[in-house]
Amino acid sequence: MISIMDENELIKRAVGGDLDAFNQLVLRHQEVAYNVACRILADEHAAADATQEAVISMYRKLESYRGGSFRSWFLRIVTNACYDELRRQRRRPTVPIEPETDEGELVESPEWLEDKSAGPEELLGAAEVEKAIQHCLSGLEEKFRVVLTLVDVSGEDYESVSRIIGTPIGTVKSRLARARLKMQQCLRGFRELLPAQFRQDTEECDESAR
Amino acid sequence: MNRHAEIPDKDLTLLSGYIDGALSAKDRAKVEKRLQQSSRLKDALDDLTALKNAMRSLPMKPVPYQFTLTRSEAQNARRGRFLLPAFGWASMVSMILLAVVFSSELIFSQRSGLKMAAEAPAPQMAYSLDTESAEVAPKGEIEEASEAESSPENQQVYPLNWVPSGGMGGGGGEPILIREAAGMEPESPAESDESMNFEESMPAEGLPDQAEMTSVPKEAEDAVEPLIFGVREDQLGQVIDSKPTDEEMTAVTAVREAPQPEEEPLIPTWVKLTLIGLTAIFGIIWLYLKSRR
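Heads up: the sequence lines are chains G and S, in that order.
Residue numbers 11 to 220, in our numbering, belong to the letters of the first sequence in order.
Residue numbers 1151 to 1443, in our numbering, belong to the letters of the second sequence in order.
Where hints are given, some of them may not hold.
Cross-link-like lysine-lysine pairs, in silico, DSSO-like; alpha carbons within 30 Å at most [said to hold, decoys possible]: (1) Lys1176/S <-> Lys1192/S; (2) Lys1180/S <-> Lys1211/S; (3) Lys1180/S <-> Lys22/G; (4) Lys153/G <-> Lys141/G; (5) Lys192/G <-> Lys1183/S; (6) Lys1160/S <-> Lys153/G; (7) Lys1160/S <-> Lys1211/S; (8) Lys153/G <-> Lys1202/S; (9) Lys71/G <-> Lys1422/S; (10) Lys1440/S <-> Lys192/G; (11) Lys1180/S <-> Lys1192/S; (12) Lys153/G <-> Lys71/G; (13) Lys1422/S <-> Lys1440/S; (14) Lys192/G <-> Lys153/G; (15) Lys192/G <-> Lys1393/S; (16) Lys1192/S <-> Lys1211/S; (17) Lys1393/S <-> Lys1422/S; (18) Lys192/G <-> Lys1422/S; (19) Lys1176/S <-> Lys1160/S; (20) Lys192/G <-> Lys1211/S; (21) Lys1211/S <-> Lys1183/S; (22) Lys141/G <-> Lys71/G; (23) Lys1202/S <-> Lys192/G; (24) Lys1202/S <-> Lys1192/S; (25) Lys1180/S <-> Lys71/G; (26) Lys1176/S <-> Lys141/G; (27) Lys71/G <-> Lys1211/S; (28) Lys1422/S <-> Lys153/G; (29) Lys1393/S <-> Lys141/G; (30) Lys1202/S <-> Lys1183/S; (31) Lys141/G <-> Lys1183/S; (32) Lys22/G <-> Lys71/G; (33) Lys1440/S <-> Lys141/G; (34) Lys1176/S <-> Lys1202/S; (35) Lys192/G <-> Lys1180/S.
These aren't lab readings, by the way, just hints derived from the structure by calculation.
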């Protein structure tokens, strides 16, 4: 178990130029940082690059660290690195694997995801649920995606998210509610892949529509 | 259409905060009370909870490699950490200096232009006022005024594109217009004098005699020094000659050919060019370093 005292000591030594102490801090937080980057960027290679960039940037900025949660500070740098990566992707767009409409928007249909040769049992696998969630997450606007990832994937509280993305708590709350609503709307297309709660929800909607 | 679409955003935000445990005790009690009353809100809460659980249940991906830094990576990272902000600040400072230089030049040039305009006399107005005073003034005063005007300090030279003219004011222009409209050559000064003489000799019924119309004696009709280049007129203001003399032409040519003193710029050109160059260089280096990061 890592105590706060240990972390503060490590930070102090790292700021003083101790590379080993800095690397200890990186090892403690790299997994959550990488996973946040993965969910925001929806690309493992890009996420690894962004996390590495964030670690280098953090090392450069160590002297500007002014206390508070080190994890939040690290996630803030990771989030900024993800924004930079998304900007780069927009400047140099690649051909997406997912189908797009003529306007360039992702088709929120599960058809591209379904493996026609696979049976229902395989489709209900956890990996497919993860793909569906990641697909819907990627379809969200960046500002919604980042908030939802930080709260539901990384488990940050509102205040921490507010510090990480530099917006008021009220904005974090409203963005989170909007993001969750959009996610639910998107996941309706994946009802076969989702837990019973979602299936029940969408089936009730279909029946009421008839 | 999602069934939560009918739920107001405010309620969705409250429910979202409720499942995250981020509400105050008062809001929490309020939400719980409403949940007991509304089955729709209860369904929405269940859906939000299911989504949150699904998100939280996503497996954590293992890191592909350790993101720790080696000694050499750390040295490289520290080496370049001052370059980007240094060049960023340098380019910003040089840009501000450039803006100050150009804006100050613009402001000073406008001010000096206004000052020169304010200091310069209004020659046409002065001329017309003097002419009017000459028409009503007694001969003695006219002579004094003529002497004052003809002195080198007070006399103004107005180079004009010289065109033979039939006179000044409303009286002299009309014959020229008629002649030109008829396709004839404009009359020469001599002809102009003749036509004026003709008009003067015409008896006008009911009109007072020419001598009664002016209080200026006959001597006042003598030619005076020209106030407008090339235009000579008598004391009554009638043009008697509009061709510049050779002496006048020589004087005007000398004035025109005299070297004009060049205005020195407020800030030397080499300073401005250096600033532009530095701004460009710092900006390019900053962009290069930024793109490498």
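Each hint, compared with the structure:
Of the pairs offered as hints, the one joining Lys1176/S and Lys1192/S holds, with about 19 Å between alpha carbons and a cut-off of 30 Å not exceeded. Distance restraint check for Lys1180/S and Lys1211/S: the Cα-Cα separation of roughly 39 Å exceeds the 30 Å cut-off, and the hinted pair is therefore not satisfied. Of the pairs offered as hints, the one joining Lys1180/S and Lys22/G is violated, with about 45 Å between alpha carbons and a cut-off of 30 Å exceeded. With a CA separation close to 20 Å, the supplied pair Lys153/G and Lys141/G stays within the 30 Å bound.
With a C-alpha separation of about 26 Å, the suggested pair Lys192/G and Lys1183/S falls inside the 30 Å cut-off, and the hint holds. For the given pair, Lys1160/S sits about 19 Å from Lys153/G by alpha-carbon distance, which is consistent with the 30 Å threshold. For a cut-off of 30 Å, the pair hint linking Lys1160/S to Lys1211/S is broken: about 35 Å separates their Cα positions. For the hint linking Lys153/G to Lys1202/S, the alpha-carbon distance of about 18 Å falls within 30 Å, and the restraint holds.
At roughly 36 Å between alpha-carbon atoms, Lys71/G and Lys1422/S are farther apart than 30 Å, so this suggested pair is violated. About 35 Å separates the Cα atoms of Lys1440/S and Lys192/G, which puts this hinted pair outside 30 Å; it is violated. Simply put, Lys1180/S and Lys1192/S have alpha-carbon atoms about 13 Å apart, close enough for the 30 Å limit, and the pair holds. For the suggested pair Lys153/G and Lys71/G, the alpha carbons sit about 25 Å apart, so the restraint of at most 30 Å is met.
About 27 Å separates the Cα atoms of Lys1422/S and Lys1440/S, which keeps this hinted pair within 30 Å; it holds. Taking the CA atoms of Lys192/G and Lys153/G, the gap is about 13 Å. The hint holds against a cut of 30 Å. Distance restraint check for Lys192/G and Lys1393/S: the Cα-Cα separation of roughly 90 Å exceeds the 30 Å cut-off, and the hinted pair is therefore not satisfied. Taking the CA atoms of Lys1192/S and Lys1211/S, the gap is about 33 Å. The hint is violated against a cut of 30 Å.
At roughly 49 Å between alpha-carbon atoms, Lys1393/S and Lys1422/S are farther apart than 30 Å, so this suggested pair is violated. Of the pairs offered as hints, the one joining Lys192/G and Lys1422/S is violated, with about 55 Å between alpha carbons and a cut-off of 30 Å exceeded. Taking the CA atoms of Lys1176/S and Lys1160/S, the gap is near 16 Å; set against the 30 Å cutoff, the hint holds. Taken as a hint, the Lys192/G and Lys1211/S pair is honoured in the structure, with Cα atoms around 24 Å apart against an allowance of 30 Å.
Taken as a hint, the Lys1211/S and Lys1183/S pair is broken in the structure, with Cα atoms around 40 Å apart against an allowance of 30 Å. This hinted pair does not check out: Lys141/G and Lys71/G have alpha carbons roughly 35 Å apart, beyond 30 Å. A threshold of 30 Å between alpha carbons decides the hint, and for Lys1202/S with Lys192/G the separation of about 13 Å falls inside it, so the pair holds. Distance check on the hinted pair: Lys1202/S and Lys1192/S sit about 15 Å apart at the alpha-carbon level, within 30 Å; holds.
For the proposed pair Lys1180/S and Lys71/G, the alpha carbon gap of about 45 Å is over 30 Å, so the pair is violated. The straight-line distance between the Cα atoms of Lys1176/S and Lys141/G is roughly 39 Å, outside the 30 Å bound, and the hint therefore fails. Restraint check for Lys71/G and Lys1211/S: the C-alpha separation of about 27 Å stays at or below 30 Å, so the hint holds. In summary, the hint linking Lys1422/S to Lys153/G is not supported, as the alpha carbons are separated by about 44 Å, beyond the 30 Å threshold.
Of the pairs offered as hints, the one joining Lys1393/S and Lys141/G is violated, with about 98 Å between alpha carbons and a cut-off of 30 Å exceeded. For the hint linking Lys1202/S to Lys1183/S, the alpha-carbon distance of about 22 Å falls within 30 Å, and the restraint holds. The suggested pairing of Lys141/G with Lys1183/S is violated, with an alpha-carbon distance near 37 Å, which exceeds 30 Å. Only pairs whose Cα atoms come within 30 Å are accepted, and Lys22/G paired with Lys71/G is accepted, the gap being roughly 14 Å.
Pair hint Lys1440/S plus Lys141/G does not hold up; C-alpha atoms about 34 Å apart against a cutoff of 30 Å. Our distance criterion of 30 Å between C-alpha atoms is met by Lys1176/S and Lys1202/S, whose separation comes to about 23 Å. Distance check on the hinted pair: Lys192/G and Lys1180/S sit about 25 Å apart at the alpha-carbon level, within 30 Å; holds.
Comparing the model with each numbered hint stated earlier shows that hints 2, 3, 7, 9, 10, 15, 16, 17, 18, 21, 22, 25, 26, 28, 29, 31 and 33 do not hold.
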